[in-house]
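If you read the sequences in order, they're chains A and B. So the first sequence is numbered by my numbering: it starts at 238 and just counts up by one. So the second sequence is numbered by my numbering: it starts at 740 and just counts up by one.
Rather than coming from a laboratory, the hints here were simulated on the basis of the structure. Not one of these hints is a red herring.
Taking beta-carbon pairs under 8 Å as the criterion, some of the chain A residues facing chain B (in silico):
(1) R291
(2) T334
(3) A343
(4) T350
From chain A, some residues computed to sit far from chain B (all C-beta separations above 10 Å):
(5) S256
(6) H279
(7) L357
(8) I364
(9) V366
(10) F367
(11) R384
(12) Q387
(13) R405
Where a beta carbon is used, it is the ideal one built from N, C-alpha and C, also for glycine.
Listed here are the chains, written in short residue letters.
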Amino acid sequence: MLILKFLAKLVKILRSGISPNQIAGGFILGMIIGLTPIMSLHNMIIFVLIILLRVNIASAIFGFALFSGIAYLLDPYFHNIGYYVLTQVPSLESLWTDLYNTPILALSNFNNTVVMGSLLVSIVLLIPVFFLMKVSIIQYRKNIEDRMNQWKIVKAFKGTTVYSIYERVRNGYRKFRSLGD
Amino acid sequence: MIRWKGLLFLLVLAGLVVGASYIFTDQWLENLIESNASNINGAKVEIDNLDFSFAGPDVTWDRLQVANPQQTMQNVIETGRCEFKLEFWPLLSKKFIIENFQLAGLQTNTERETDGALPKVPEAQKDPNIIEKTAKNLEREIAANPNLMLSTYSRKVNVDSLIRILDIQSVDNIDSLQDSIQSGYTQWEQRLSQKNIQQKLEKLESKIRSLQLEDLQTVQGFKSTLNEVEEIQTSIDSMSKVVQNTKNDLLTDLQDMRSGLTQIDNWVKQDYKRAMAKAQLPDINAQNIGRFVFGQKVISETQKYLGYISTAREYADVLRKDDAKNPRPPRFEGQDIHYYKRTAEPRLWIKNVELSGQTANKIQIRGNVKDIVSDQQLINAMTVIEIVGDGESGADLSIDGTLNYLEDIPQEKFQIQYAGFSLAQSNISNSPFLPYEIDHGSGVVETSLEFTGQQVNAAIQFVGNHLEFNYGSEASPANRFEQIVQTIVKGIQQIDFVARIKGEPNALQFTLNSNLDDIFADQLKSILSQEVQQARQRIQQEIDSQVKKYESKLNSLIEQREQQLRSEVEKYEKDLEAAVNLAEKKKQEIENRIQEEIDSQKNQLEDKLRENLDNLFK
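Input sequences plus hints: build the corresponding full structure.
Spelled out as structure tokens, the structure:
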């Protein structure tokens, strides 16, 4: 049931008509929050960026949910990566020492092994995931969306009262949003 | 590019957060401090009405209670109103720097209204640290107190009944010795009779006597008789050797048998020892009664202080850098790595604590604790404690201490002086030697405690002056021991002791010397010594009298039998000598006769020759 909900959410985003850049941008910002421990200073900044920038909030939420699960599985590896970077690279020790003793930056918890490891991984994944997401959206809209609309189950679902109510609400919401913009 | 509605949303959100923090920060901070402090303490730490102000930032609270983990219905400390200001910029580096911490209304060992125990969480087994080991080993020291056999003082010595049950083993031993000596003598008698020395000697003598020289006519005959005598002499010589060897063996054996007598003294000593053990007569020497009386209390107090030092050392270690990899930290928590800069501030630094309050004994205290810090090496200063106090009755208290973690080897030093305090209604010991409560008196305690690495060096000196004891409402003591103790304690006006604890946890030396050692020893001696001495003498006399009977019987047996054997051997010697003389005499006689015969024959031959010559010239 949860997987179906997930998939439905994904399809909804993909079909939303919002630009792929916005969806992908929201997705990667959500990925960062999902991969790293949530109560970190950088996540506040990411949260502000999600609100301020014109990225898709739903895809950000989707990215956060998806990568939270992945982060749980990868936590021990983040710890190992973070410990290595923080203690086993002598050339970085003076940098870490200065950051540790710098106000505000010390609050970022960068000296925590999981924070450091997960942040590094999410930075490394930023660009590849962005482009992967963008290409996937374009390809879905170009090749897959129409085919899906031909599925019997989709057709059957669109004939239901639930769907018609949903469409009315969605159209109304879009009108409301367009007024604001 | 910018979502302006989002900006509005963020501003509203920020406003809500600021508003909420004004409303909820106090409660949140209070819960956070209580939770962390409780985990450190091992029992509840409770704060009442914490108020955090962003302006300072200042923190104040009305009351702090720190429960005692060992007695959770009691607080180790309780404070009144406290306030301190946190320096702002270090907070942004997660550093807590407090310039001055005002701590008022400090009290110790106060009662709690609710139980201060935390929910039981299975603790990981951890090895005891050096100070915990020392505290444990002190317990063992006091458990090894000699058993002063107090029951021996509680009754008079009943010598008569003791004598009835005396088990004098010397008598049986002497009997056995006698049997063995008897059998030795019997063996000798048999040996001497088997040798038949007497018969052989008689035979030789009769042989000599039977040699009749009158019957001999010729020199040849005399010579053959002489040979016989010489043969007899040879036999007498060999007999003489036999007798000599036999005499030497006899003398050696007699010596050995006599040497058995020297064991009698040892047997008597053992019997005496056994009798003393049965009698359980008190041994009236200074037996370190002071250690028995005060040891437990001294060690309990020392363990308390060691507990505080152990906590200080444990958390000094925890707050220091420790970057050894934690292989399995909890999920999403990771491990914090700390970086130290020589010129940076420590993570925690309370520069000065001004405290005031009162102890459980109503001593008003005030003082300072300087430089409570997570890493002393960053500030290059050790923690210094200076507390003074005075009480209504003129008591003075002074506590000076330093916690020095600047070097690799940690060091803690404390000097505590507490003088002029009243001892009224207190028990300075729970031992039966001093069970009485004190009615009047004053005390002085001086303690120095030094812990350097694994070495502990502590000295505790106590003097109690002008003492008057309360002997209770009972008319007379329950038993003799109490009577004796009361008699002694009535004469005591001053008690002092010096306790020293030195060494490493596995090789701890605990000594305690007190004037009670000599007081009790001297008094017990004068009260009990005559009685005990008489008892000892009677027991000794009884043993001696019983043993003497058998010993003298054995001695006379030895004398008699020895004399018999010696006489027999001497007789053989005499008879031998007589035989030798007889043989010699006979030999001489024969030789004379031989000479006479030779002379006679020579004369005859001369006469014959003369005659023949005369005849020649006729």
